[in-house]
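Protein chains in written order, with this note's numbering: chain G, 1 to 378; chain D, 1001 to 1291; chain B, 2001 to 2311.
There may be inaccurate statements among the hints.
Listed next, the in silico DSSO-like pairs over lysine-lysine satisfying Cα-Cα at most 27 Å (straight line) [stated by the list, open to error]:
#1 Lys1117/D with Lys252/G
#2 Lys160/G with Lys91/G
#3 Lys1081/D with Lys371/G
#4 Lys322/G with Lys286/G
#5 Lys91/G with Lys2098/B
#6 Lys53/G with Lys1081/D
#7 Lys1116/D with Lys45/G
#8 Lys300/G with Lys1117/D
#9 Lys1081/D with Lys256/G
#10 Lys256/G with Lys1116/D
Among the chain D residues that face chain B by a calculated CB cut under 10 Å, a handful are [said to hold, decoys possible]:
#11 Ser1091
#12 Ile1097
#13 Ile1271
Quick caveat, the hints were computed from the structure, so don't treat them as lab data.
Every residue gets a Cβ at the ideal spot worked out from N, C-alpha and C, and that includes glycine.
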Amino acid sequence: MFFRSLLAVGALALASAVQAQEPIRIGAFLSVTGPAAFLGDPEQKTLELYVEKINAAGGVLGRKLQLYSYDSAGDAEKARAYVKRLIEQDKVDVLVGGSTTGETMAAVPLAEAANVPFISLAGAVVIIEPVKKWVFKTPHTDRMACEKVFDDMRARGATKVALISGAGGFDRSMRAECLKVAAQRGVQIVADESYGAGDTDMTAQLTKIKNTPGVQAVLNCGFGQGPAIVTKNYRQLGIQVPFYQSHGVASKQYVKLSGDAAEGVRLPAAALLVAETLPAADKQKKVVVDYKREYEARFKSEVSTFGGHAYDGLMLAVDAIKRAGGTDRAKVRDALESTKGYMGTAGVVNMSPKDHMGLDLSAFRMLEVRKGDWTLVQ
Amino acid sequence: MSAELVQFLVAGITLGAIYALVALGFAIIYNASHVINFAQGEFVMIGGMAATAFVDSGLPLPLAAAAAVAAATLVGIALEKLAVEPARNASVVTLIIITIGASILLRGLASLVWDKKIHSLPAFTGERPIAIGGATLLPQTLWVLGATVVAVAALWWFFNRTLTGSAILAVSHNRLAARLMGISVRRVLMVSFGLSAGLGALAGILIAPISFTSWDVGVMLGLKGFAAAILGGLGSGPGAIAGGLALGLIEALGAGYLSSAYKDVFAFVIILGALVFLPDGLAGRRAAERV
Amino acid sequence: MSRKGFAVLALVVALLPLALTNNYTYEVAIVVGLNAIVCVGLNLLIGYAGQISLGHAGFFGLGAYGSAILAARYGWPPFAGLAAAVAAVSLIAWIIGKPVLRLKGHYLAMATLGLGIIVAVVLATEDQVTGGPDGMPVPPLTLGSVVLQGEKLWYWIVAVVLLATVWLALNLIDSPRGRAWRALHGSEVAAGAIGIDPARHKLSAFVLSAALAALAGALTAHYSGFITPAKASFLHSIELVTMVVFGGMASTFGAVVGAAILTTLPQLLTVFKEYEMVTLGAVMMLTMIFMPQGLVPTLEKALAAARRKPE
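Could you put together the complete structure from these sequences and hints?
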């Protein structure tokens, strides 16, 4: 009898010990290769770096983090297959990923059906509007970018605006949002041109814009090499009106590629880009400076706002797991939804049942390129 | 002529010259081997990426460019030896799959050997736009146009005045007869692949200052170069140039006067129309078909 | 041979669920089936009738979007929308096939490539109707009041459609039309000389393969619950042609095997992480260089040769 109860106690202790060692499974599907490698590559690096750091510091609630990450290469179909794999085979506790909106939207029905908390790293407003129970996101929406830009244009006296956008999902989604919110923001869209993926010259489109009567400012919705070419063409044609880019090109690569042509270009971006020059009193300064230093020290390459979104996604998940006391999916979801006052690289996050992104317009800063570097527009 | 139209024409010719160089690469290989090399765009990419890598490691631009062209030429020869020669008796479709597989392989290698970032080269003679008829033109564009003209002239001289060039032409007309005359078909194939690769690399280096380069810049350019080569009539060098320029002008004028969102659609609709009414392309030869 | 082959296929399809452990593996099997449906049709065009199409994903995309838009934006009952979409795509294929199939070889390749790109660009640009490059959600198929959802149910739906498609293909190949296709492939002029109208038969192969691609596209849309223009892209067209050529041209089972291997391969290659692309390209090249006839015909020949060896 004694021996049996000893056995039972031993088994129980072993079981709970095994339970305690059970890692917390973070599932990620990112566009590490393909047309959106610009997004997925820093995201992948960031997740690897911080999972390592967190584990080195003892893990979360005494449990190690384990990262399962797949390259969906910007393909929504692949993303779907990988998310199924992550949920069914790898049995992850939380999903962080979906570099592009297309991939995210493919994964949304799966996360909803399987009741897995999903933090998306993509930009379009459609991800969290209408609100879906299990889906959250960390980047600012493209609609917020339009609003920020239009407000700045109004402040400079420009109300007749020309749009030029690329062909990708990010480009078209932001363009659609800008067309929607223009009137509400006091701005009129007088021209709407497009270029294709891989195009090498946009002077034809810009010539049309230049010759549009009354145009007072131009906004380029795009990312990758397109906007850099547009910027160079803009200066080549000698267009004088203010030129705005989107947060899609919030990286030094854009400035480097555009060279002198980028002088005076404005864009909305996260404070991460001007981390060191933020005033000391800025509450966001510590988070962004730390992330910037750690990322650049490890990877020897420029920090990127997209990597910042992955950082925020991981940290929000970890924070929610801590507050939920474990990986019970419903509890983690509730904890995520009640995140308040969390300071991330994108800004301060206050989630609610109606708002699964938690950022407001102040999280976006207006930056201007001067002498090849970012400066904050006050 | 309105300044607007001049600007559209300038844009069209800029695009057209690039497409022409890529199309020329397709034409040379097709002429010698009747293979469409879907990896042609990747040679353009290798030229640009290798040149930027060499420049970053300290070489002066002319040396870096020469080294990049040499590197691409070697890759072209390797492609011919390792992929095309072993499969020389395969069907058209199989060869298409092989060269597409090669382009995927080269892209994957490029993203590993270099990186997935976008790179640029300094413009050869600066960036001050040149005013012409109310429009503006970049000096680099003149380099692209100039190089295309020089390439066409050099190739004409090569094909018509040198032994190797004539050998390539002979093989393209009748492979068996050429072999009977003592021409090494293998050497001819090697030379044409190497030549095409070098030409593609040159194009990549010339356009890197204006439209940058990255590991996947070859996909779209390869596709449009192929379309231009077909439009001009496969296997015809002058046809490839004409096709390239035509494609560039259609795109620019379509974007300018019709709809910029649909400019590629116009281009392909026109190509389709041209093919239906001129099944051998603008300058294509009516080949006699063995029944 | 084809009767035996069909029986084997039916057996594999019936027994496969025993090996499928979770929804993810079911998903892979379903995608294999859907790709196989397109490939069997495409093989009739490429392998038997000897034509080429580098734009077949365009038909796939049109079928998918046609059915999705009719169901989502116009409230059509899903099966009616599906049938209408397949019929419409067949009509489109018939209309454009007539002039385009007069072209040969690389010119035909270019024409079909151009068509595919036109479809992909239009689908991505008309975002008010199609949802743009990010795609649109698609309502599921319903049979009366029953909603057709779930991996296990869809496995059987796709299995039945695939078996029906293979049956159709095998019977067509052995019919006068199939023999006409093979005659065409051998020599168009000679076929014409013995009274086979090349234009009519090329068109029939083209339209049939387009209809099958559209059907697979519509089924994919309703199964996945979403659709993006990437499904009509040049890359997808190339994937489809590769599956057909890799599996073996002029071999219906080859098309199925090609679809199966090339759909599951990327899933297996994830272990290679950043070397995935390099590996895929290398696999494509090596298999085509060493097995230019494709996998199944090469295996068939090897088996036949082994059997002929004296024991």
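Tested hints:
1. As the CA atoms of Lys1117/D and Lys252/G are separated by approximately 11 Å, the hinted pair is consistent with the 27 Å bound.
2. Note on Lys160/G and Lys91/G: the hinted pairing is violated, with a Cα-Cα distance of about 52 Å set against a maximum of 27 Å.
3. Proposed proximity of Lys1081/D and Lys371/G is contradicted: the alpha carbons are some 50 Å apart, above 27 Å.
4. For the hint linking Lys322/G to Lys286/G, the alpha-carbon distance of about 22 Å falls within 27 Å, and the restraint holds.
5. About 52 Å separates the Cα atoms of Lys91/G and Lys2098/B, which puts this hinted pair outside 27 Å; it is violated.
6. The suggested pairing of Lys53/G with Lys1081/D is violated, with an alpha-carbon distance near 48 Å, which exceeds 27 Å.
7. Using a Cα cut-off of 27 Å, the hinted pair Lys1116/D and Lys45/G holds, with the two alpha carbons roughly 14 Å apart.
8. For the hint linking Lys300/G to Lys1117/D, the alpha-carbon distance of about 14 Å falls within 27 Å, and the restraint holds.
9. Of the pairs offered as hints, the one joining Lys1081/D and Lys256/G is violated, with about 39 Å between alpha carbons and a cut-off of 27 Å exceeded.
10. Simply put, Lys256/G and Lys1116/D have alpha-carbon atoms about 15 Å apart, close enough for the 27 Å limit, and the pair holds.
11. Interface restraint check: Ser1091/D against chain B, minimum CB-CB distance 7 Å, threshold 10 Å, status holds.
12. At a threshold of 10 Å, the smallest CB-CB gap from Ile1097/D to chain B is about 5 Å, leaving the interface hint in force.
13. Restraint check, Ile1271/D versus chain B: the minimum CB separation of about 6 Å is within 10 Å; hint holds.
Consistency with the previously given hints fails for numbers 2, 3, 5, 6, 9, ordered from lowest to highest.
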